[in-house]
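Chemist: Chains A and B are the protein sequences, given in the same order. All residue numbers for the first sequence refer to this note's numbering, where the first residue is 1 and numbers rise by one. All residue numbers for the second sequence refer to this note's numbering, where the first residue is 1 and numbers rise by one.
Since the hints were derived computationally from the structure, they do not count as laboratory data. These numbers come from a predicted model, not from an experiment. Some hints here could point you the wrong way.
Unchecked claim - Covered by chain B, according to a simulated footprint, are these stretches of chain A (three or more residues, beta-carbon under 8 Å): (1) 241-252; (2) 533-547.
Stated by the list, open to error - List time: in silico DSS-like cross-link candidates among lysine-lysine, alpha-carbon distance up to 30 Å: (3) A:567 / B:158; (4) A:564 / B:278; (5) B:278 / A:379; (6) A:138 / A:66.
C-beta atoms are modelled at their ideal positions from N, C-alpha and C, and glycine is treated no differently.
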Amino acid sequence: MQKFLQSLEKKLIKKGFANIKVSLVNESVLLEGEVDSLDQKLEAGYIAAGFPFNQVISNVSIKNLKEEPFPKASLTDESLNGSIYDVVIIGAGVIGCSIASKLSAYNLSVLLLEKESDVGMHASSRNDGVIHPGIAAKPGSLKAKYNVRGNEAYTKLCEDLNVPFFRPGSLIVFGSSALRLLLPIFKMRARANGVKGTRYISRKSLMRKEPYIEGKQYGAFYMPTTGQLSPYRLVVALAEHAVENGVKVSLDTLVSGFEKDGDGIYSVATNKGSIKAGLVINSAGAWADKIAEFAGDKFYSLHFRKGVDVIVDRKKAQFLNHIMARPSFNLAKTKTKGGGLIKTIEGNVLIGPTAHEVVEREDYSTSSVDISQLSNHFKLNKKIEVSDIITFFAGVRACTYKEDFIIEKSKRVRNFIHVAGIQSPGLASAPAIAEDVVNMSLDILSSKMVIDKNPNYSEKRKFSIPETRSMDAKHLEELVKKNPKYGTIVCRCEQISEGEIRDVFRSPLVPVSLDSIKRRTGAITGRCHGGFCTPRIFQIIQEETGLPVEAITKKGGRSPVILKKTKGDIDYSYVKTSAQEDVQ
Amino acid sequence: MIVASYDVVVIGGGPAGLAAAVSSHESGASTLLIEREDRLGGILKQCIHDGFGLERFNQRLTGPEYACKEIEKLRECGVKVFLNSFVREIKQLERGFELEIQNSKGVARVGTKSIVFAMGCRERSAKQVFIHGTRPAGVMTAGQAQFFINIQGYMPSKRAVILGSGDIGLIMARRLVLEGAEVEGVYEIKSEPSGLSRNIAQCLEDFNIPLHLSTTVTRVFGKERVEGVEVAQIDSNFKIVEGTQRYIPCDSLILSVGLIPENDMLETLGLVLDNSTKGPYVDQNMHTMLDGAFSCGNALHVNDLADFVSESGEIAGRSAALFAKGELLRGESLPVEDNGKFLYKVPQFADPCSSEDLIFYFRVKKECRNARLEVKNGDDVVFSKKYMVLRPPEMEKVIIKPEKIVHKDRSLVFNLVEANNE
Ligand SMILES: Cc1cc2nc3c(=O)[nH]c(=O)nc-3n(C[C@H](O)[C@H](O)[C@H](O)COP(=O)(O)OP(=O)(O)OC[C@H]3O[C@@H](n4cnc5c(N)ncnc54)[C@H](O)[C@@H]3O)c2cc1C
Ligand SMILES: Cc1cc2nc3c(=O)[nH]c(=O)nc-3n(C[C@H](O)[C@H](O)[C@H](O)COP(=O)(O)OP(=O)(O)OC[C@H]3O[C@@H](n4cnc5c(N)ncnc54)[C@H](O)[C@@H]3O)c2cc1C
């Protein structure tokens with residue numbers, strides 16, 4: 001290893017990074033020093049990743065840029081203090097929720113902690129929802145392994161959870177005969193990774209599959225297993241399924257450290273008190289490297305690649321039948337780039353994502369540059385135009401310098417599992433990742449306890465909100481007869497009824513922000529972006545929760561929508577008291 | 001599942017739909033009015049300022065007062081109304097239509113010979129004008145702020161920046177100040193305000209609220225709640241003038257950046273919308289290209305005054321009733337053309353065989369002074385008028401008698417010529 005350190009040092013000097021110091025820590029290479037820009041920091045990290053160290057830890061700072069502060073909790077209480085759990089999972093993204101859902105099949109006490117006011121507020125709800133076939137990742141990588149297995153698992157999983165899912169299949173279209181020369185590479189990849197059913201289709205059958213495709217195309221590589229789903233519906237369903245089977249979810253709960261006992265974690269420190277844990281699973285997404293550091297097992301650093309997507313008016317969905325992209329020249333590398341046109345299960349078209357590195361872990365701002373980068377994709381389809389964009393969003397992928405997942409038992413902390421660097425295709429891989437993490441967990445825990453199956457476990461999610469918009473008249477009529485509120489439409493654009501919105505408050509996991517209602521029902525997501533229905537949904541939240549208006553937020557924390565009442569809202573309580581006093 | 005049949009179904013119970021239902025009934029048609037909300041009146045319910053009704057009632061009324069008068073008329077003629085009812089689906093039959101309607105009682109199927117579409121409009125949102133930056137609470141449309149304040153009694157802002165000088169934005173600027181909030185300014189990307197002059201005077205000038213023209217909001221700041229916005233000046237090509245960016249602390253960004261007619265239902269029936277109005281193409285009977293489908297009010301094009309909305313509703317209701325009785329015949333559809341100086345003209349077609357007056361509404365593309373409008377049918381001038389000033393925010397109305405259209409195979413052409421070019 002020393003030899004590699006020396007040659008890395010030489011290479012860094014050659015590339016102008018003479019002031020970066022290298023050393024070995026936990027079998028990984030540690031980089032220290034200061035550079036001028038994020039680009040330089042990344043370049044140094046990638047150079048190090050090219051050497052056969054386990055991972056890259058980059059403590060390189062950027063001139064004039066402070067390190068992003070660790071998040072602060074918006075409230076503190078003692079509600080979890082002194083509690084004891086067999087398993088504590090940190091982070092309720094698709095990874096944490098998948099693990100919780102699968103662990104609930106066993107007779108274990110499981111606590112899932114999430115710092116936000118709802119599950120899946122970060123990468124897991126800010127992605128394309130594509131269940132990739134598993135061709136993009138390098139053969140032999142964890143990404144390839146988990147993606148292919150995860151893809152296969154989705155059909156049954158979505159049935160069990162009652163989450164809408166479909167497999168429109170994807171097409172990599174060749175815009176020139178030269179590009180078609182890439183075909184053997186795709187075929188090889190498919191074979192090596194075990195992706196089933198892929199094949200080349202001719203220009204003619206491409207035109208049949210995608211009649212509105214633009215221009216002259218030279219056929220396409222077709223991958224029929226590619227699927228798509230609503231990522232936030234999935235995450236919510238996973239969390240609800242876990243809760244139904246006994247997992248406790250604690251929202252607004254920030255993990256800020258650990259108390260160790262020898263080579264193990266004794267307790268988890270949070271803003272709601274300290275929790276004793278038999279096993280800790282780190283699925284903290286963009287903060288996973290910090291959590292690893294807190295646990296005393298830092299052997300990787302994350303960097304952050306933002307992606308922006310636009311959503312096109314659902315009217316245009318009829319002109320696209322698949323998930324479609326041009327060949328990406330980064331196929332050889334493992335970075336996600338390129339993006340394409342995506343037909344969604346909700347009847348929209350998504351276009352994206354972009355990819356560029358950012359400093360902040362939760363920076364979801366967008367700029368016009370992001371949108372213009374996507375304009376190229378519009379050229380692939382004759383009917384979909386830039387003016388059809390109805391909204392756009394950003395997400396951030398948490399990546400290691402090796403650009404692969406880290407899914408392993410800690411080598412240095414007895415009862416700690418890392419699930420980190422879960423960039424794309426993390427969503428597609430989640431069911432398979434969860435399966436392996438559950439096995440690792442059982443392995444660790446079985447040394448001190450006997451683990452049984454959970455006798456009350458149900459593979460199917462019991463709770464679900466009916467989707468009145470897709471019901472036929474007869475079924476809707478029956479439903480409305482049982483509960484008239486399903487007959488009253490609140491969100492006109494997406495046709496969401498009052499019953500559906502009120503159902504959120506009877507769900508296994510009740511969060512109370514506007515965005516959480518949006519994610520669970522689809523209200524507010526339409527053409528008017530909540531212009532009409534927001535005030536009415538507000539009223540429903542108030543009726544259901546009894547919260548004062550000022551306490552109802554857009555997305556938890558300090559995001560109130562209403563700041564105060566209008567003039568003339570006097571506190572009348574004093575009138576009553578003085579009247580009573582007069583009488584007495 | 002109830003099954004009922006009507007001559008005319010009116011969808012939408014704002015001023016357009018109300019007037020349509022009354023006039024349809026008065027023309028002898030059995031009429032049903034369907035409204036999604038629990039009260040009639042449409043947007044007028046939340047417009048508590050005055051200025052409505054000058055044309056129609058010769059009175060200055062508030063929005064709710066205006067609506068009340070219209071609702072009273074409807075009550076007198078006893079038109080059947082479904083409130084809290086949502087049209088899920090419209091099917092076109094060989095003759096007429098079938099509607100599937102849902103409400104808290106169940107799902108009902110209703111057959112009808114003609115339909116008046118009067119669904120009003122929605123507001124353009126932050127995403128549609130590509131406002132970038134973060135996504136905090138506190139970015140909202142002016143109409144939403146209006147609903148919060150005027151209907152619910154909630155203040156969504158203590159210090160606001162308003163983007164867009166549309167009428168609703170101007171009115172909300174004043175309303176916010178009256179409620180004790182601070183309005184830092186109104187920012188308009190264009191070099192001219194988009195609201196009515198009277199609203200600029202009464203809502204901004206009287207309250208010392210600055211209006212910044214050729215300026216726009218370029219970025220929103222704040223992770224949870226809006227903490228500020230960046231504004232910048234815009235040149236004549238709508239490009240940001242570098243160096244003019246400035247940061248304004250505020251807790252909300254209120255948007256008044258345009259209205260979009262609600263016509264998705266029409267599109268599902270296969271009707272193509274006019275790109276300049278975002279409403280359907282109609283003739284002077286408010287008859288769309290689809291037999292038996294009529295459109296009026298803000299669903300047809302965004303009106304500046306509710307009074308004109310009611311007027312178009314009356315025509316649509318009457319025509320729909322005649323159509324149901326088989327008395328509205330479609331003759332020629334002459335296209336209405338222009339010399340490029342117009343934002344739009346409605347109706348877009350004229351039927352010279354109809355006895356209905358030709359009532360046109362138009363907006364100009366750019367402000368023009370001392371201009372003469374001539375409407376020609378073939379070589380005949382059928383209408384001519386001189387205007388001191390024409391501004392895009394202000395809609396103009398022109399009435400032409402159908403008997404003046406003698407060349408039944410030649411289009412109508414609107415020509416606008418400014419005096420200095422004459
Ligand atoms: C634009 C974009 C498009 C993408 N498209 C796809 C796609 O189409 N298909 C696909 O397979 N993948 C896609 N991905 C990748 C996918 O979104 C991620 O791989 C996946 O969501 C990662 O899930 P996660 O649970 O690891 O992370 P997250 O969803 O980020 O979850 C981590 C959670 O941990 C919480 N947390 C962090 N620190 C703490 C703490 N200290 N205490 C308590 N809680 C904490 C966070 O609040 C967060 O909720 C895309 C990603 C992006 C950005
Ligand atoms: C937020 C906002 C504020 C405004 N403020 C002013 C103002 O201050 N002054 C002014 O002069 N003009 C204002 N306008 C313009 C105003 O819309 C018109 O003056 C007038 O109200 C339009 O009348 P309408 O009947 O066409 O539409 P609306 O008044 O919008 O009425 C349409 C009605 O149709 C109903 N509807 C829609 N779709 C369906 C469906 N599928 N099924 C059943 N019912 C349906 C709606 O609930 C609504 O009641 C405003 C517009 C908006 C959007």
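Chemist: If a hint holds in the structure, say so; if it does not, say that too.
Modeler: Evaluation of the provided hints:
no.	hint	result
1	241-252	violated (count 0)
2	533-547	holds (count 4)
3	A:567 / B:158	holds, 12 Å
4	A:564 / B:278	violated, 37 Å
5	B:278 / A:379	holds, 25 Å
6	A:138 / A:66	violated, 35 Å
The structure shown violates the earlier hints numbered 1, 4, 6.
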